[in-house]
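*Asks:* Letter by letter, the chains look like this.
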Amino acid sequence: MNIPKETLMRMYLEMVTIRLYEETMAEAYQEGKYPVFNIASGPVPGEMHLAAGQEPVAVGVCMHLKKEDAVVGTHRPHHFAIAKGVDLKRMTAEIFGKVTGLGRGKGGHMHLFDPDVHFSCSGIVGASIPQAVGAALAFKMRKEKRVAVAFFGDGAANQGTFHEGLNLAAIWKLPVVFVCEDNSWAISVPKEKSTAISQNADRAVAYGIPGVYVGENDVLAVYEAAGEAIERARQGGGPTIIEVKTDRFFGHFQGDPEVYRPKDEVQRLKQNDPIKRFRKYLIENDIATENELKQLDDEARKRVEEAFLFARESPYPAPEEALLHVFVE
Amino acid sequence: MNIPKETLMRMYLEMVTIRLYEETMAEAYQEGKYPVFNIASGPVPGEMHLAAGQEPVAVGVCMHLKKEDAVVGTHRPHHFAIAKGVDLKRMTAEIFGKVTGLGRGKGGHMHLFDPDVHFSCSGIVGASIPQAVGAALAFKMRKEKRVAVAFFGDGAANQGTFHEGLNLAAIWKLPVVFVCEDNSWAISVPKEKSTAISQNADRAVAYGIPGVYVGENDVLAVYEAAGEAIERARQGGGPTIIEVKTDRFFGHFQGDPEVYRPKDEVQRLKQNDPIKRFRKYLIENDIATENELKQLDDEARKRVEEAFLFARESPYPAPEEALLHVFVE
Amino acid sequence: MSAITSRKLTMAKAIAEAISLEMERDPRVFVMGEDVGVYGGIFGATAGLYEKFGPERVIDTPISEAGFIGAALGAAMEGMRPIVELMFVDFFGVAMDQIYNHIAKNTYFSGGNIRVPLVLMTAVGGGYNDAGQHSQCLWGTFAHLPGLKVVVPSTPYDAKGLMISAIRDDNPVIYMFHKGLLGLGWMTLIKDSTGPVPEEPYTIPFGKAEVKREGKDVSIISVAMGVYQALEAAKELEKEGISVEVLDLRTLVPLDREAIINTVKKTHRVLVVDEDYLSYGMSGEVAATVVEHAFDYLEAPVKRLAVPDVPIPYSRPLEQFVLPSSSKIVNAVKELLRS
Amino acid sequence: MSAITSRKLTMAKAIAEAISLEMERDPRVFVMGEDVGVYGGIFGATAGLYEKFGPERVIDTPISEAGFIGAALGAAMEGMRPIVELMFVDFFGVAMDQIYNHIAKNTYFSGGNIRVPLVLMTAVGGGYNDAGQHSQCLWGTFAHLPGLKVVVPSTPYDAKGLMISAIRDDNPVIYMFHKGLLGLGWMTLIKDSTGPVPEEPYTIPFGKAEVKREGKDVSIISVAMGVYQALEAAKELEKEGISVEVLDLRTLVPLDREAIINTVKKTHRVLVVDEDYLSYGMSGEVAATVVEHAFDYLEAPVKRLAVPDVPIPYSRPLEQFVLPSSSKIVNAVKELLRS
Ligand SMILES: Cc1ncc(C[n+]2csc(CCOP(=O)(O)OP(=O)(O)O)c2C)c(N)n1
Ligand SMILES: Cc1ncc(C[n+]2csc(CCOP(=O)(O)OP(=O)(O)O)c2C)c(N)n1
Ligand SMILES: [Mg+2]
Ligand SMILES: [Mg+2]
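Protein chains in written order, with the UniProt record's numbering: chain A, 1 to 329; chain B, 1 to 329; chain C, 1 to 339; chain D, 1 to 339.
Hints were generated in silico from the structure; no laboratory data involved. As the structure is a computational prediction, the values presented were derived from the model and not from experiment. Just so it is clear, CB atoms sit at the ideal spot from N, CA and C, and this is done for glycine as well. One should not assume that every hint holds.
To be verified - Here are the simulated DMTMM-like pairs of lysine to aspartate or glutamate, each with C-alpha atoms no more than 20 Å apart in a straight line:
#: 1; chain 1: C; residue 1: Lys334; chain 2: D; residue 2: Glu292
#: 2; chain 1: A; residue 1: Lys193; chain 2: D; residue 2: Asp26
#: 3; chain 1: A; residue 1: Lys173; chain 2: B; residue 2: Glu320
#: 4; chain 1: B; residue 1: Lys173; chain 2: A; residue 2: Glu321
#: 5; chain 1: B; residue 1: Lys263; chain 2: B; residue 2: Glu192
#: 6; chain 1: B; residue 1: Lys173; chain 2: D; residue 2: Glu214
#: 7; chain 1: A; residue 1: Lys145; chain 2: C; residue 2: Glu56
#: 8; chain 1: D; residue 1: Lys265; chain 2: C; residue 2: Asp296
#: 9; chain 1: B; residue 1: Lys193; chain 2: C; residue 2: Glu56
#: 10; chain 1: A; residue 1: Lys143; chain 2: C; residue 2: Asp26
#: 11; chain 1: D; residue 1: Lys328; chain 2: C; residue 2: Glu292
#: 12; chain 1: B; residue 1: Lys263; chain 2: C; residue 2: Glu51
#: 13; chain 1: A; residue 1: Lys143; chain 2: C; residue 2: Glu292
#: 14; chain 1: C; residue 1: Lys328; chain 2: B; residue 2: Glu192
#: 15; chain 1: C; residue 1: Lys328; chain 2: D; residue 2: Glu51
#: 16; chain 1: D; residue 1: Lys334; chain 2: C; residue 2: Glu24
#: 17; chain 1: B; residue 1: Lys143; chain 2: D; residue 2: Glu56
#: 18; chain 1: D; residue 1: Lys334; chain 2: D; residue 2: Glu214
#: 19; chain 1: C; residue 1: Lys265; chain 2: D; residue 2: Asp296
#: 20; chain 1: A; residue 1: Lys173; chain 2: C; residue 2: Glu240
#: 21; chain 1: C; residue 1: Lys265; chain 2: D; residue 2: Glu299
#: 22; chain 1: B; residue 1: Lys143; chain 2: D; residue 2: Asp26
#: 23; chain 1: A; residue 1: Lys263; chain 2: D; residue 2: Glu292
#: 24; chain 1: C; residue 1: Lys265; chain 2: D; residue 2: Glu292
#: 25; chain 1: D; residue 1: Lys265; chain 2: C; residue 2: Glu24
#: 26; chain 1: C; residue 1: Lys328; chain 2: B; residue 2: Glu321
#: 27; chain 1: D; residue 1: Lys328; chain 2: A; residue 2: Glu321
Claimed, not checked - Residues of chain C placed beyond 10 Å of chain D at every Cβ, according to the derived structure:
#: 28; residue: Arg7
#: 29; residue: Arg25
#: 30; residue: Asn101
#: 31; residue: Glu200
#: 32; residue: Ser327
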């Protein structure tokens, strides 16, 4: 692969932005939850699923997407949203429940909708798949060269919607790419206890479509596999399923006691931090200097800080707004 | 395969019984629907899905089953029920809506429950699969050497329950056999328009289980494939999916205009009538004489006639019975 | 609202015509579902569309309701206006998550930024011995969950106008047609299943109940088959000097509470007729509306005639026992007048 | 009913204890669901069971709700007594067909020949900013469809007794525990989420509402969190000389209509408090019951306080605006007394 430097630098920037975003969110989430951890308190209440460690999947795929391509994410949506170019300020404001948020505070962290960049997500495991299929159907019906991507987890791959969605996409030869994040866990249930075969990519056979397993949590490997699949989809070649081995650094949600997880697992996973590795790669291959990367680090920090500042300073919606927007006019 | 004559004769008897049953039912269904075909009139109202032509699947599989093995059928359930040994009189009475029916007239043709032989079915496409998985789970938990079979159509194989059920059975290594009847149609939708690959048996790969496609509507071929799968299940070897090419001689339901079906298709399929072929096989291989088979034909006719007579002569439930049996005491 | 017409159509044809007109008018409109193509829909609601618009806009699907209903949502969010058929409402349980957690909620979660112009059409109703997985109405279930408009036509005229309104609505609509009212050759025909339908497109606003018959002694409030049965009963009761007002709600969401209150103010007595299950459903909601907002006008307990909380049984005497009918309505009205 | 006890448990522990006792007593009882094993259930309803009974009787499942809930049915039909957890009730839409078309109907379709001794337990309720796919109550949805008993405990004591009744019942039961009442360390703690629970097994009959507090001016009828809020409000109102009766329905199916009628006969005024959606749900059913059967005793319109037909929003001020609370109850009661 011959990837332009600009692209590589953007990948780095996006990954760092995601990581910083998630770490900043983890802190914000803790606010008001000390000494008593109460999920309902603080500036960011409710459930919180963070994706630190899983940056390569989101970035490696979304680097190939245009603004008008559609992405449907999951309950753990921030990395996808950021990689797809969702307005970071309004996204953060949404997560803070503010009226300036993408959904005026109605959706929160699992319900981020940015129609400008065709991003949506959902708190229901497996729900993304048919919806991305439908976006692809719309594109195909209108003969537009647009692509839809459904992200979902290894746990979601055992939902019925996986089967139905992949079959529909295959028979209709739709421009959609299915991307499964294999982070080995669905909350406390390890993949090998939930999934009859070791790789969901092998389930491609059941739909007569290509299936690719990316066995390392590496943005370049993802980028390569995704590039091919997205291009094939865009050219009318139909769907692909890509599964990527990736790592969840945080608990399933913030506050997860993680009793089910081997004590040292996270520690071990972090040895293989995909951002650190990518950084090293960029430097060792003389693609970027420490200084250049430092600049990107700073840029990422600035973006994240601005987004959180915007969110914090934004007002809450008026309570009566709760009654609006069940329907549009 | 060395199949005892007794078994072969039973296969023939069961197939003939099914065929006669369906033909007799087709006639009974027409009663009261002439000159105006009104689905609500006559002694057998409502929808009616008949399985003439599909006898080999039901018989080839159920011949291996014991009374205590479980079978979950579909919206087209008569052949499975007969092959599993459901009480023919009470089944027919149920279809006639009589109080002597299996469900005292509450369920009708799509809801036949005979706990004595562990038979059930449902009008919902794909619903049989998880339920058979559950029966198998019960057997395994209790360490009983019993097997469950889920029957379903080629159309049902695109339901989410297919995926979920097969995955569950595979990870838990349950004693269940999945049997897909490929009659090429789901109402008006041909299999090639609904199913991304040509054989659902190949979807076994997605669950790491054996998959077998029986390409001819032949009771011996089914018997052989099913025997192996059921024996494996019984011995703790886990699930199998078997798909059988079979033929639907009637419309999807009685009254189906079948506009979607090539004019001569049924005519053509009947050339290959699995019962006629099996009859010929038995005679040509000197397994049975014309006379012996004639005796079985008569026995089948007697069983069917008795069942219909019982149904016709039975009383309807008292209207107020409608309020009973939502719950058991 | 539209020119007087002498052309009569069945409700099924009226629905298909509405869809056809809108497909001509708007290239974003398309149909998908099981057997909607060559077959023309099991209940004829898409008859002729495949021939006219071809397989690209009239799409036969596999039996994957969660898949294709979810896909309809995805397409709607990308600017299409799908009409998706769920063959029988009774099958909703395989696709309900896409319906009520996504189709019904995405607009709200997005603070109004996402439009979901989607019509989910589906067959409801019993009376032809198809048992409890093929005979339910379930409008109460859908009306309970916010985010879907719930439309239930009772005449061919309304069916066409409400369907056009549904297609043009930028919000998701569940459109429930009653099998017994469609005018299908293979169902028990009731005379009002064929009725005058203008050829041109027209809309009927949601949330406007219709007084189908004026009366002063008692109000019967219903939808779909219940309206038809109420009108039959009203004729019967008229012979005995009882004057019945019949109100057809037409849409459950939005619910025309004002019309409910107005009819109570006039007659002071209410019978709700509901082919859906009795408890926790439409009949309860109407009764509650009456006691909340028209309490002072009420002269007798509200009465409810609905399926008595049992799955619809198969056998004819059993099914007839649990379904509303005009003779049961006659009796209920008489009881109501005695109380 | 049982000896006086001073031992206090959270509702979550009371549920887990009930299950544990029944698993000891009856080898047919087992548990399955997502994260019910090592994790002990996301809401702790199965805490300690895995350690005690092992992976064969406390089974972690893949995220395949239609699959494993359907499997629970199959197992129940073959003589087991599964307790299956649907993590949040909001997810019902992926498995509803197995639940309401099969689990709820097989007994009826079989004319009583099939028993389905199955408990579907699930978490309900909001108030902690988890938005509309994780905060609903939806008991109205389940209570509308015949064939399931619907249990909604409000105290640890009831939770244990009702769970044991549910497990021993030969019919399918949906058992809905309110997240805010479980006594979880990571939720807003309310004091009654910990309460006295006897150690021995005991049952509480279904269909028996409980008068939680006697009063004479107005009746508040509710379940789960609403009961707790009503009791808080009653204390408040007492200070102003208003005497409130609080009725906890405890089960929606069967519904104790007699208790509803009796309380109306006593107080003549009713407020229904419902954390489920307003329309076509529990509040309507209770109001309808009152106007059908206690009309002559009613002195004011029935009032309803429920989620106003919007999906539960995320942001705190929005969510607080739509959920019932004790202060809203206080206001509603005062309005009711003015009318
Ligand atoms: C239909 C449904 N079932 C269960 C849940 C609860 N739940 C939320 S996330 C999750 C685990 C998902 O695992 P996976 O798909 O691997 O994604 P990951 O959390 O690992 O990113 C579960 C069970 C849900 N949200 N929706
Ligand atoms: C969930 C669901 N969707 C749709 C239907 C309507 N329906 C009944 S039978 C049928 C076709 C089934 O095809 P297949 O599984 O191949 O079985 P066959 O009828 O060919 O025996 C359909 C669509 C249903 N009963 N349930
Ligand atoms: Mg995972
Ligand atoms: Mg078929």
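*Asks:* Now, for every hint given, state plainly whether the structure supports it.
*Replies:* Here's how the hints hold up against the structure:
no.	hint	verdict
1	C:Lys334 - D:Glu292	holds, 16 Å
2	A:Lys193 - D:Asp26	violated, 27 Å
3	A:Lys173 - B:Glu320	violated, 54 Å
4	B:Lys173 - A:Glu321	violated, 52 Å
5	B:Lys263 - B:Glu192	holds, 19 Å
6	B:Lys173 - D:Glu214	violated, 56 Å
7	A:Lys145 - C:Glu56	holds, 17 Å
8	D:Lys265 - C:Asp296	holds, 18 Å
9	B:Lys193 - C:Glu56	holds, 13 Å
10	A:Lys143 - C:Asp26	holds, 16 Å
11	D:Lys328 - C:Glu292	holds, 18 Å
12	B:Lys263 - C:Glu51	holds, 19 Å
13	A:Lys143 - C:Glu292	violated, 53 Å
14	C:Lys328 - B:Glu192	violated, 49 Å
15	C:Lys328 - D:Glu51	violated, 58 Å
16	D:Lys334 - C:Glu24	violated, 57 Å
17	B:Lys143 - D:Glu56	holds, 11 Å
18	D:Lys334 - D:Glu214	holds, 18 Å
19	C:Lys265 - D:Asp296	holds, 18 Å
20	A:Lys173 - C:Glu240	violated, 65 Å
21	C:Lys265 - D:Glu299	holds, 18 Å
22	B:Lys143 - D:Asp26	holds, 16 Å
23	A:Lys263 - D:Glu292	violated, 61 Å
24	C:Lys265 - D:Glu292	holds, 18 Å
25	D:Lys265 - C:Glu24	violated, 61 Å
26	C:Lys328 - B:Glu321	holds, 18 Å
27	D:Lys328 - A:Glu321	holds, 18 Å
28	Arg7	holds, 36 Å
29	Arg25	holds, 32 Å
30	Asn101	violated, 5 Å
31	Glu200	holds, 35 Å
32	Ser327	holds, 21 Å
Violated hints, listed in ascending order, are 2, 3, 4, 6, 13, 14, 15, 16, 20, 23, 25 and 30; each of the other numbered hints is respected by the structure.
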